[in-house]
Amino acid sequence: MRYRAASDRSLLVSFGPETPDEISSKNRLLVENLTRKLVEAKPCGILNVHPAYASVLVVFDPLTLDHQGVQHLCESTGDAPATEPRTVVIPVHYGGERGPDLADVARHARMTSEEVVRLHCGADYVVHFLGFSPGFPYLGGMPESIATPRLSSPRVRVPAGSVAIGGGQTGVYPSDAPGGWRIIGWTPMKLFDPEADPPALLTMGSHVRFEAA
Amino acid sequence: MARPPGRIHVLQPGFQSTVQDLGRPGYGHLGISASGAADPLSLRIGNLLVGNPETAAAIEMTLTGGSFEFTGDVVVALAGSDFGVPLWESFEVKAGNVLACGPARTGARCYLCVRGGIDVPPVLGSRSTHLMAGLGGEALKAGAILPIGIPGAACPPPHFGPRLLHSTAPGRAIRVTAGPQSERFLPGFYQSAFLVSRHANRMGLRLEGPCVEHRERCGLLTEGAALGAIQVPPDGQPIILFVEHQTTGGYPKIANVIAADLHLLGQLRPRDEVRFELVTMERARTLLLRQEYYVCLSKNGTRKAHFS
Numbered sequence: 185m186r187y188r189a190a191s192d193r194s195l196l197v198s199f200g201p202e203t204p205d206e207i208s209s210k211n212r213l214l215v216e217n218l219t220r221k222l223v224e225a226k227p228c229g230i231l232n233v234h235p236a237y238a239s240v241l242v243v244f245d246p247l248t249l250d251h252q253g254v255q256h257l258c259e260s261t262g263d264a265p266a267t268e269p270r271t272v273v274i275p276v277h278y279g280g281e282r283g284p285d286l287a288d289v290a291r292h293a294r295m296t297s298e299e300v301v302r303l304h305c306g307a308d309y310v311v312h313f314l315g316f317s318p319g320f321p322y323l324g325g326m327p328e329s330i331a332t333p334r335l336s337s338p339r340v341r342v343p344a345g346s347v348a349i350g351g352g353q354t355g356v357y358p359s360d361a362p363g364g365w366r367i368i369g370w371t372p373m374k375l376f377d378p379e380a381d382p383p384a385l386l387t388m389g390s391h392v393r394f395e396a397a
Numbered sequence: 482m483a484r485p486p487g488r489i490h491v492l493q494p495g496f497q498s499t500v501q502d503l504g505r506p507g508y509g510h511l512g513i514s515a516s517g518a519a520d521p522l523s524l525r526i527g528n529l530l531v532g533n534p535e536t537a538a539a540i541e542m543t544l545t546g547g548s549f550e551f552t553g554d555v556v557v558a559l560a561g562s563d564f565g566v567p568l569w570e571s572f573e574v575k576a577g578n579v580l581a582c583g584p585a586r587t588g589a590r591c592y593l594c595v596r597g598g599i600d601v602p603p604v605l606g607s608r609s610t611h612l613m614a615g616l617g618g619e620a621l622k623a624g625a626i627l628p629i630g631i632p633g634a635a636c637p638p639p640h641f642g643p644r645l646l647h648s649t650a651p652g653r654a655i656r657v658t659a660g661p662q663s664e665r666f667l668p669g670f671y672q673s674a675f676l677v678s679r680h681a682n683r684m685g686l687r688l689e690g691p692c693v694e695h696r697e698r699c700g701l702l703t704e705g706a707a708l709g710a711i712q713v714p715p716d717g718q719p720i721i722l723f724v725e726h727q728t729t730g731g732y733p734k735i736a737n738v739i740a741a742d743l744h745l746l747g748q749l750r751p752r753d754e755v756r757f758e759l760v761t762m763e764r765a766r767t768l769l770l771r772q773e774y775y776v777c778l779s780k781n782g783t784r785k786a787h788f789s
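As given, the protein sequences belong to chains A and B, one line each in that order. Numbers 185 to 397, taken from the numbering used here, label the letters of the first sequence in order. Numbers 482 to 789, taken from the numbering used here, label the letters of the second sequence in order.
What the hints contain is simulated information worked out from the structure, not anything from laboratory work. Treat the hints loosely; a few may be bogus.
[Unchecked claim] Derived, one-sided and incomplete: chain B residues facing chain A with beta-carbon distance under 8 Å:
| no. | residue |
| --- | --- |
| 1 | 613 |
| 2 | 661 |
| 3 | 765 |
[Unchecked claim] Stretches of chain B that chain A covers, calculated by requiring three or more beta carbons in the stretch to come under 8 Å of a beta carbon on chain A:
| no. | stretch |
| --- | --- |
| 4 | 512-523 |
| 5 | 735-746 |
Glycine residues also receive a C-beta, built at the ideal position from the N, C-alpha and C atoms.
Put together the whole structure using the sequences plus the hints.
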């Protein structure tokens, strides 16, 4: 584990290198464990926990805690209780106006759009974490052959429901948000509902499959 | 039991007005950033001026203020930038009267604090509107009616010295600590001046200026992003993550605005010039403690405080 001050009110806990090809299930379990431990224990002074693929950003109140104190909290032993993972099937309309970057992804992957769709639908995905925007699932398990670099300048608005690829990652935008990922399709499924409890449909460890609608 | 002091009728909302308190921490793991006032220091001072807890909700106005009618006698205070109404003092508005705010003369945001606070129902523990997440309502529209809460016991009005109020003024270098990927960038960032682009909102402030050069073109595995993080996409134009920021991101972060200066971001407007000054973690902490010291001193009454 590596600890770095990301700001004067946050500590970045890394379980592995920060290169994009290091998406592993071992790190996913470490991230999930630390996240759930902190979220469930709610230690005084911890404001927010932002999990990612191989790291957890812990945001704290600098008038209550310091980086050293947060590190001690993270190192304190104990595992979060186990949970039963679920499987969610997400229907996707690929390409067209609501999937404007499908052709670019296909060109980059040197294959047809149909092949990209087949590969994207054919994989089993697992939710590594929710991040970026409310309820946005970061999924592991996308075939490497359809990985496509992010846009060099992010779009100001990506519509809710957009299914996108960013590097070797794929995900669904639950609400309108700016974003630099390549949009390959759209789903009518609601991934985030502030009125629901919990507000996010997916959670860390959920299994996901995409289905061409 | 005191009677609720009435309601606020929004006659004109201004450019963008929302209900804000000090935010909604605790849901970062669902991808929900804390949101809250863009200039929390001004909100806290405004609340103290009307005898509220610092955490009470108020109306955050942006660039152009709104017009508000009150159905009961209320004590209000405006805090933040000058929107053409008396600033940094509490005063009474009688039932049926209209408080009309104009465009911002300087800065970008002003808080209309009402004794009793804005009493909209809390969502996930906060009254803060998170526009991007669609939490806690939306930007106020003409015709909206906002309930005012029952005020607590009256307390002596605080006295805010010019030193604290001056610290809310925009126009100076924004202090930052080194970001988690600061070593990935070529020197030059701290010598450069940037302009706030028109794509500046509660989610983030895009900057325009000399290209911030990446030392090497290597990707970054998506990781947690903090409020005030300055991330640099491949085009070299920095983006400061703001109160409705993304909780994770994949662009390297060169620096992070210190806690004591986060409120200054809320007063930046498009075309403002921005420079950054690098400080150590220790210095950042000292500056925050000093700021809190002045807030506490004001809150507890300077007349009672003895200091050299």
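Now the hints, each set against the structure:
The closest approach between the C-beta of residue 613 of chain B and any C-beta of chain A is roughly 6 Å, which is under the 8 Å cut-off, so the hint is satisfied. At a threshold of 8 Å, the smallest CB-CB gap from residue 661 of chain B to chain A is about 5 Å, leaving the interface hint in force. For residue 765 of chain B, the suggested interface contact is upheld, since its CB lies about 4 Å from the closest CB of chain A, less than 8 Å. Given a C-beta distance limit of less than 8 Å, the hint that chain A covers the stretch 512-523 of chain B holds, as 4 residues qualify and 3 suffice.
Look at the stretch 735-746 of chain B against chain A: 4 of its residues bring a Cβ nearer than 8 Å to a Cβ of that chain, three or more, so the hint holds.
Taken one by one, the earlier hints all hold for this structure without exception.
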